[in-house]
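Keeping their order, the protein sequence lines are chains A and B.
Residues 3 to 368 in the working numbering are what the first sequence spells out, letter by letter.
Residues 3 to 368 in the working numbering are what the second sequence spells out, letter by letter.
Simulated from the structure, these hints should not be mistaken for lab results.
A few of these clues could be false.
Identical copies go unnamed one by one, so any copy, or any two together, can satisfy a pair.
What the hints assert, rightly or not - With a straight-line Cα cutoff of 16 Å, these simulated EDC-like cross-link-like pairs (lysine to aspartate or glutamate) come out:
1. Lys366 / Asp9
2. Lys87 / Asp365
3. Lys288 / Asp14
4. Lys366 / Asp14
5. Lys102 / Glu348
6. Lys288 / Asp91
7. Lys64 / Asp183
8. Lys87 / Glu132
9. Lys366 / Asp213
10. Lys64 / Glu103
Just so we're clear, the structure is a prediction, and the values are computed from it rather than from any experiment.
Spelled out, the chains give:
2 protein chains.
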Amino acid sequence: MRTPLCDRLGIDLPIIGFTPSEHVAAALSRAGGLGVLGCVRFNDAAELDRVLTWMDENTGGKPYGVDIVMPAKIPAEGTQVDLSKHIPDGHRAFVDRVLKELSVPPLPDDTDERAGVLGWLHSVARSHVEVALNHPIKLIANALGSPPADVIAQCHDRGVPVAALAGKAEHAVRHVENGVDFVVAQGYEAGGHTGEIASMVLVPEIVDAVDVPVLAAGGIGSGRQMAAALALGASGVWMGSMWLATEEYLQTMGESVAMQQALVAATSADTVRTRIYTGKPARLLKTRWTEAWAAADAPEPLPMPLQNLLVSHAHNRIHAANDPSVVSMPVGQIVGRMNAVRPVAEVVADLVSGYEEALSRLDKTR
Amino acid sequence: MRTPLCDRLGIDLPIIGFTPSEHVAAALSRAGGLGVLGCVRFNDAAELDRVLTWMDENTGGKPYGVDIVMPAKIPAEGTQVDLSKHIPDGHRAFVDRVLKELSVPPLPDDTDERAGVLGWLHSVARSHVEVALNHPIKLIANALGSPPADVIAQCHDRGVPVAALAGKAEHAVRHVENGVDFVVAQGYEAGGHTGEIASMVLVPEIVDAVDVPVLAAGGIGSGRQMAAALALGASGVWMGSMWLATEEYLQTMGESVAMQQALVAATSADTVRTRIYTGKPARLLKTRWTEAWAAADAPEPLPMPLQNLLVSHAHNRIHAANDPSVVSMPVGQIVGRMNAVRPVAEVVADLVSGYEEALSRLDKTR
Chain A
3 MRTPLCDRLG IDLPIIGFTP SEHVAAALSR AGGLGVLGCV RFNDAAELDR VLTWMDENTG
63 GKPYGVDIVM PAKIPAEGTQ VDLSKHIPDG HRAFVDRVLK ELSVPPLPDD TDERAGVLGW
123 LHSVARSHVE VALNHPIKLI ANALGSPPAD VIAQCHDRGV PVAALAGKAE HAVRHVENGV
183 DFVVAQGYEA GGHTGEIASM VLVPEIVDAV DVPVLAAGGI GSGRQMAAAL ALGASGVWMG
243 SMWLATEEYL QTMGESVAMQ QALVAATSAD TVRTRIYTGK PARLLKTRWT EAWAAADAPE
303 PLPMPLQNLL VSHAHNRIHA ANDPSVVSMP VGQIVGRMNA VRPVAEVVAD LVSGYEEALS
363 RLDKTR
Chain B
3 MRTPLCDRLG IDLPIIGFTP SEHVAAALSR AGGLGVLGCV RFNDAAELDR VLTWMDENTG
63 GKPYGVDIVM PAKIPAEGTQ VDLSKHIPDG HRAFVDRVLK ELSVPPLPDD TDERAGVLGW
123 LHSVARSHVE VALNHPIKLI ANALGSPPAD VIAQCHDRGV PVAALAGKAE HAVRHVENGV
183 DFVVAQGYEA GGHTGEIASM VLVPEIVDAV DVPVLAAGGI GSGRQMAAAL ALGASGVWMG
243 SMWLATEEYL QTMGESVAMQ QALVAATSAD TVRTRIYTGK PARLLKTRWT EAWAAADAPE
303 PLPMPLQNLL VSHAHNRIHA ANDPSVVSMP VGQIVGRMNA VRPVAEVVAD LVSGYEEALS
363 RLDKTR
């Protein structure tokens, strides 16, 4: 299971794994893929620096990458306190009422509360790039559009290729015009921010539209799906959801037991594409929390970055509540195939053996 | 490009093509696939009988099938006149206003107007089955759920296997329990009635859930996509949209020039999943007609079969208007790959050569 992408990135398997967990990222890199650490959760660049130092010490010299979030349309800058002034009282009241109805308790008084995500402010994302380029990263990916030209130049000066996600062929073309080196074709079925065109249609469309390697994202969780992605013309796969149900994920996010229970129990029909997480359409696990926002009396979600600031305290309470029915978590339709919490290496081994089986099956059609 | 399905159906290529056009169906059967004629447009069973006699004379002895529409939930029975009483005046007024705004002229007085589709009433669909079983058909497919047990038995008594469409694994399991012989896994990206789970996730899920051959539907329009479908475990593909942009389609539906122009111009982003065509969610080409129904002042679509009765006269006017911007046509996201009107045999030849190329590319990953 080798493609030219493997040589380009110095990896054994064309499996690129996006994850907020350094334990998952390191395990995937050690298993032969490329672990890509999501930086958006690091409001403090110094914390990211410490985690990347840990990565340097725990990837056994194997390549890894990072993922930043710089929306193509620059969101309002500001501290959490400044920005919070723009959140309507009605929205706050709705969140409070829903949490009460869902029996999500308040946080204990002594909780050191995690702040809302600011990582998609350009100022914060730029600090992530600065820090990451001081580590031996092999890829920087951007989740929402092309990074600014000077950021791409900065990465190229350091010999680091840049990837960008695209949900339409025209976006992919623009990325490549802007200097992006790889395109991640993110299909409708993917978790997190996603468009409306499904992988089966989107991947070959983007492959035909650009002359750079394309990674298929959305719906990839087995070797059969990986074979399908490569049949469609992808040079590799970009996977995010599958790593949420791994043992390594718990090592980073120790308190995510209820979330993993919810993911393992869910079917492929148990996701919803909604703006309630960030203000932009993103696919989440369907739970009583997302259903409350789909009710007739729910307000329209706010634009990015206000919506996440609105719900960040609720997310902390939901997380602490540890109730599988009230999880708030981005995940793709592949969640239906996530039926156990496994080590990363086992997920990778299954991808490889399933891929070989699929190719053997195709051989018989000749 | 052979699978065990080919032997089972007596065909050379595992390409099953759904189409309302007997010219397309016959051309596909002659090209080595299985043409499946959609019966829902035949309110009069005698007309279907005449068309199937034409098929018998024009398929060169090659196998073909038919597709009926029997919703699992039985809709209200009645003639068009009876049923029309249930359509609210406000809905009629909305349709009239939109047609005026879109400059769709009234029909000439002497038009022999086509009635609304009644083919999904069980009484009418049963008449289709009766007629079809007197022809040498090799497959009966049902578009909305399993056919009733006695209809399945009737087909099996005549040695005709039955296929049913499914948008969820649980529906596929139920179909097989009911005696269905093949499942068509219809992904989100497909045209017409469709669910929310994309083909990349749905196809392997259904393959794992049932022990009968599965046909992949949704997003298939090239050999690469066909290879992807077979990599996912499908025994063949079920294609509908691609045949709309063929020369043979025009032979049946001579006045569809504007529709074909609109399809050829559309991108994969130019579809919408909506209830305005039949009352159930179906993917259509996005045009000024669908946009009018998406506007804030549009009424909720009516349940099946009322919604199609409501819009059937509008469909006739839209069709006669011959304006590519006001088409009402079910089509999948694959419409982005439909960039020319071609003969059916050319579409099939491209599928075969693209499939071989995809397999050669996969070989190099070993």
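Results of checking the hints against the structure:
Within a single copy, Lys366 and Asp9 get their C-alpha atoms only as close as 30 Å, which misses the 16 Å cut-off; across copies the closest is 14 Å, which meets it. Proximity of Lys87 and Asp365 under a CA criterion of 16 Å is satisfied in neither setting, with 61 Å inside one chain copy and 58 Å between copies. Taking CA atoms no more than 16 Å apart as the test, Lys288 paired with Asp14 passes in neither setting, with 35 Å inside one copy and 43 Å between copies. In this assembly of identical chains, the alpha carbons of Lys366 and Asp14 lie at most 16 Å apart only when taken from different copies (15 Å versus 27 Å within one copy).
For the homomeric pair Lys102 and Glu348, neither the shortest alpha-carbon distance inside one copy (40 Å) nor that between copies (61 Å) is at most 16 Å. Proximity of Lys288 to Asp91 under the C-alpha cut-off of 16 Å is found in neither arrangement, the shortest distances being 26 Å within a copy and 37 Å between copies. For the identical chains of this complex, Lys64 and Asp183 are neighbours neither inside a copy (20 Å) nor across copies (49 Å), given an alpha-carbon limit of 16 Å. Proximity of Lys87 to Glu132 under the C-alpha cut-off of 16 Å is found in neither arrangement, the shortest distances being 30 Å within a copy and 69 Å between copies.
Taking CA atoms no more than 16 Å apart as the test, Lys366 paired with Asp213 passes in neither setting, with 32 Å inside one copy and 19 Å between copies. For the homomeric pair Lys64 and Glu103, neither the shortest alpha-carbon distance inside one copy (48 Å) nor that between copies (63 Å) is at most 16 Å.
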